[in-house]
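Q: Sequence:
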Amino acid sequence: MSFDRTIRHCRQCGHPVAKRLPDDGDTRERDICTVCSTVHYINPLNVVGTVPWWEDRILLCKRNIEPRLGKWTLPAGFMELGETTAQGAARETVEEAGAQFEIEDLFTVMSVPRVGQVHLYYRARLTSDQFDPGHETQEARLFREDEIPWEELAFRTVRETLQRYFADQRAGRFGTHAFDIE
Numbered sequence: 001m002s003f004d005r006t007i008r009h010c011r012q013c014g015h016p017v018a019k020r021l022p023d024d025g026d027t028r029e030r031d032i033c034t035v036c037s038t039v040h041y042i043n044p045l046n047v048v049g050t051v052p053w054w055e056d057r058i059l060l061c062k063r064n065i066e067p068r069l070g071k072w073t074l075p076a077g078f079m080e081l082g083e084t085t086a087q088g089a090a091r092e093t094v095e096e097a098g099a100q101f102e103i104e105d106l107f108t109v110m111s112v113p114r115v116g117q118v119h120l121y122y123r124a125r126l127t128s129d130q131f132d133p134g135h136e137t138q139e140a141r142l143f144r145e146d147e148i149p150w151e152e153l154a155f156r157t158v159r160e161t162l163q164r165y166f167a168d169q170r171a172g173r174f175g176t177h178a179f180d181i182e
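Take 1 as the starting number for the sequence shown in the UniProt record's numbering and just add one per residue.
Derived by calculation from the structure, the hints in this document are not laboratory data.
Don't take each hint at face value.
[Unchecked claim] With beta-carbon atoms standing in for the labels, derived distance ranges:
id	residue 1	residue 2	range
1	TRP54	LEU21	50 to 56 Å
2	ASP23	GLN130	55 to 61 Å
3	PHE166	VAL115	37 to 43 Å
4	ARG8	ARG173	25 to 31 Å
Yeah, the Cβ is synthetic: ideal placement off N, Cα and C, and Gly gets one too.
Produce the complete structure using the sequences and hints provided.
A: Here you go:
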């Protein structure tokens with residue numbers, strides 16, 4: 001699948017770029033500067049977040065922004081430059097839920113090639129059941145498995161992560177799950 005994330009001008013020198021094969025033997029057309037020959041790679045974006053848990057409940061956030069305004073999600077967002085995946089997941093959890101927690105193990109890694117993203121969720125043990133959501137969140141609330149608003153979840157990655165979380169919880173052990181969402 002190809003994406004139209006065309007780069008029009010070189011990030012190094014500002015001159016126009018053109019799509020062509022690089023001189024290094026690469027087999028994919030790339031955006032290459034017509035003046036300085038800088039190759040501009042277009043790579044997937046990383047979405048990082050947490051599965052915050054308190055006893056037998058999971059913290060979900062009701063979105064106050066598009067896409068999926070008003071739908072429920074796990075706290076997550078785009079990873080920033082200069083942070084690790086765990087740091088990004090923790091930052092997003094603080095920004096969106098205002099939660100206090102201890103980050104745990106990596107839980108799910110999902111490749112979503114259709115939108116050019118990789119989603120990574122960590123388990124996070126909440127140290128308080130009090131939340132102070134940021135401006136991107138209408139409400140932050142704890143749910144037991146039978147209370148999850150499954151039809152009101154914002155993203156398939158959230159649904160898949162929650163399903164695996166509750167399956168692992170029933171099994172009495174948590175693993176790391178890596179899979180693709182087509």
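Q: Next, verify each hint and record whether it holds.
A: Now the hints, each set against the structure:
1. A hinted range of 50 to 56 Å for the beta carbons of TRP54 and LEU21 is consistent with their spacing of about 53 Å.
2. Taken as a hint, the range 55 to 61 Å holds for the pair ASP23 and GLN130, whose Cβ atoms sit roughly 58 Å apart.
3. In this structure, PHE166 and VAL115 break the distance hint of 37 to 43 Å, their C-beta atoms being roughly 25 Å apart.
4. At roughly 50 Å, the beta-carbon separation of ARG8 and ARG173 lies outside the given 25 to 31 Å, and the hint is violated.
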